[in-house]
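S.K.: Please take these sequences and the hints and turn them into a complete structure.
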Amino acid sequence: MSTESETDSSSIYEALEMDIKTFQNELYAQIEKEVHERRSQGEYPPAFELAMDKAFKRHAPHPGEASVYSAEHLLDMVEATGYIDIAVPTTSSTPGVAYLKLFVKKLTAWYFNYIAQQLSNFVVNLVHLLRVIHVRLDKLEKRVYELYPEIIAADLPPSLGLSIYDLVQKEIELTSVKGRLLVTECASGDALKTISDLGLDVYGIDHREKLLENRNDRLDIRWETLSHHVESLALNSLAAVVLQGSFELRSAHDKADILATLSKAIKPNGLLLLLHHEPAVSTDVLDLTVAKELAPGRLFSEVTWRHMLNLVGFQVISHGAVPPLDKDGVLGNYLLARLES
Amino acid sequence: MDLEIHQFIPSLSLRDAVGQHTLALQQTLLEAGITSIVYADEMKENAKDYAINYRELPRKFSDRRFLIYQGSTDSPMASFLSQRHEPILMNYHNITPAETVIDWDVGTAVALGMAVAEISRFAPHVALAFTVSKFNASDLLRLGYKNIELAAPFIALSETHQREPRSITQGSKWLFVGRVVPNKAQHELIKAFATYKKIYDKKATLQIVGNPAQIKYYEFLQTFAKELEVSDSVEFLGSISDTELAQRYKTSDVFTCTSRHEGFCFPLIEAMRNSLPIVAFASSAVPDTLGKAGALVRDPDPLSFASAVHLVLKDTTLQRQLQNGAVEQLDRYSPTRAKIENLTAINKVVRSEELSAHIETLKNSRA
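Going line by line, the protein sequences match chains A and B.
For the first sequence, position 153 matches number 153 in my numbering, and the numbering has no gaps at all.
In short: position in the second sequence from 1, add 341, done, that's my numbering.
Calculated from the structure, these hints are not laboratory results.
Accuracy of the hints is not assured; some may be wrong.
[Stated by the list, open to error] Calculated cross-link-like contacts (lysine to aspartate or glutamate; reagent style EDC-like; alpha-carbon spacing at most 20 Å): (1) B:K539 / A:D217; (2) A:K21 / B:D672; (3) A:K57 / B:E568; (4) A:K54 / B:D444; (5) A:K33 / B:D656; (6) A:K139 / B:D444; (7) B:K539 / A:D287; (8) A:K57 / B:D444; (9) B:K567 / A:D53; (10) A:K21 / B:E669; (11) A:K54 / B:E560; (12) B:K655 / A:E43; (13) B:K557 / A:D53; (14) B:K544 / A:E32; (15) A:K142 / B:E529; (16) A:K57 / B:E529.
[To be verified] Derived CB-CB ranges, DEER-like: (17) A:Y99 / B:I581: 51 to 61 Å; (18) B:A698 / A:L311: 50 to 60 Å; (19) B:R507 / A:G42: 40 to 50 Å; (20) B:G454 / A:D166: 50 to 60 Å; (21) A:L311 / B:N387: 50 to 60 Å.
A virtual CB, placed ideally from N, CA and C, is assigned to each residue, including glycine.
M.R.: The structure is reproduced here in structure tokens:
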């Protein structure tokens, strides 16, 4: 009998036999080294991957697009099967029974015809209602899809941008990680460059396409949303993550979900650098006030962040203040946490 | 009265893995001296010679009769079997998660969701479920099954060719075999291939073999390959004959798989039998099936996959190591082992001394 721990889908890789895991880990270390070399030599321009992602998005169906065809098809099927056939077969291999069936059919035809007509009318009206709902839902889905990038891009005001230059120099733990490091909402890549200059294997993601137009082509920056990217990460594939940006203005559910997913993607003993702002942050800054009021979630205080990190297995090892990116910005904070093994 | 163990399969086809597994299990039961009939709802091609309609199962209950349901889709058979009094075993073959196809085909996604619900509803009627991978077993646990065993699948043996390791840096031939559906993620393979061509080998080619089961996705792949300027190097071969498939395995240099959902992944075994080096994305049941016979890529980034293919193709020592890994893995899925493991699982419910004796004989012959 297989035990639950052996068969949990998230631990399929971890559940491999030890010799297989050792073999694969050694092989993967070679792959990572090769990837790092190619990237550092600039043979794989991030623009190339960006172009591939764009090509995919251009031709793959948008959410809801497939349902335009398929939902219509399903409704057609419901409508077609809604017409009830009262022509009961009367053939029989037993002599005489066919006549008996025919007699019963003729005798009851007026009754079943009446019932069948009412049922068919009901189905036709029901399908009509479903078609109306479907069309309205479809319009809504398309509209949400069009608006989505703007919604998430709008929720981070420039005044909340933080500079991690000094922080990275100060936190020795962060500069000595072994493996890949992810920086979220990295914009054109200033933070990424700071980390890359320290010799670390780093890449960044950002969903704001306009900001990526000015990106540094030597850096690995991908055009992707945070939720989509963390979901695609493999188990134990990252040594550290710098989590920053509009993430802190998301709903509590979203924050918890992303932290939990990241805890699986980060290696045991890996690091999470969380940049955040206290809820009492200055309301004198206009764009900050607007963003706070429009955001789906609210800013968390340090004690709440610590609680949430502990829940998914992180232990905070240091904390402090982070200066803003520009002079009109507001001061932020950081929490550096280690994932317990 | 003779012991009877009958199988029920929603759709029997002689060309698919579930159909071949069912017939091989029937043969194994017959060899053990057990009466065994395959009952099906739908019979494709020449399958009518191998099965009868499931409604022809004798109505009268027999305490020497056991029923195995080959669970791979939704079928009226599940409700039919749940009304029977004989002990039921479930041989689970995995169902593709609906969310992997919903953007491409809502109709299929709905059907997959219904199949999962049906398999879950069937759980209380099943005395024991057995399946081919830990990944599938985790699915069964989630669906409410409690008594679960692992048993190696029966794999149809086709023509194979042994291949000597050779270092390839130019003109490499990639191969992937599997239905063209979104969960097999052939688009990720095309991305990795385009990256490989750009960085390592401008003359590389990619062969995508498999039934285009989702036409919209199939057409998208062709457009996508064109957009990435690799359409001249990517061959979409569709469903091909066994002879041509054997030839493709023989002439290719690496088997590449970026699939995001596999209950087992039979083509990996076929690649191992042809001594082909394998590079695969570490998802679902793939790590378990692959073992040390190939390189597992954990990062979804196309460069990681392309780099893994490059490392495997240039290094003959690594290729030799992978071939040795394949030998170990193939032993795990040998026909005798499949017979022993399946019969052992079945006998946990049947509790037959004759069957135990037959299993012991098989074990001794293997030793």
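S.K.: A separate judgement is required for each hint: does it hold in the structure or not?
M.R.: Structure-based check of all given hints:
no., hint, result
1, B:K539 / A:D217, "holds, 17 Å"
2, A:K21 / B:D672, "holds, 19 Å"
3, A:K57 / B:E568, "holds, 12 Å"
4, A:K54 / B:D444, "holds, 17 Å"
5, A:K33 / B:D656, "holds, 15 Å"
6, A:K139 / B:D444, "holds, 16 Å"
7, B:K539 / A:D287, "violated, 44 Å"
8, A:K57 / B:D444, "holds, 12 Å"
9, B:K567 / A:D53, "holds, 14 Å"
10, A:K21 / B:E669, "holds, 15 Å"
11, A:K54 / B:E560, "holds, 17 Å"
12, B:K655 / A:E43, "holds, 18 Å"
13, B:K557 / A:D53, "holds, 19 Å"
14, B:K544 / A:E32, "violated, 24 Å"
15, A:K142 / B:E529, "violated, 25 Å"
16, A:K57 / B:E529, "holds, 13 Å"
17, A:Y99 / B:I581: 51 to 61 Å, "holds, 56 Å"
18, B:A698 / A:L311: 50 to 60 Å, "holds, 55 Å"
19, B:R507 / A:G42: 40 to 50 Å, "violated, 30 Å"
20, B:G454 / A:D166: 50 to 60 Å, "holds, 52 Å"
21, A:L311 / B:N387: 50 to 60 Å, "holds, 58 Å"
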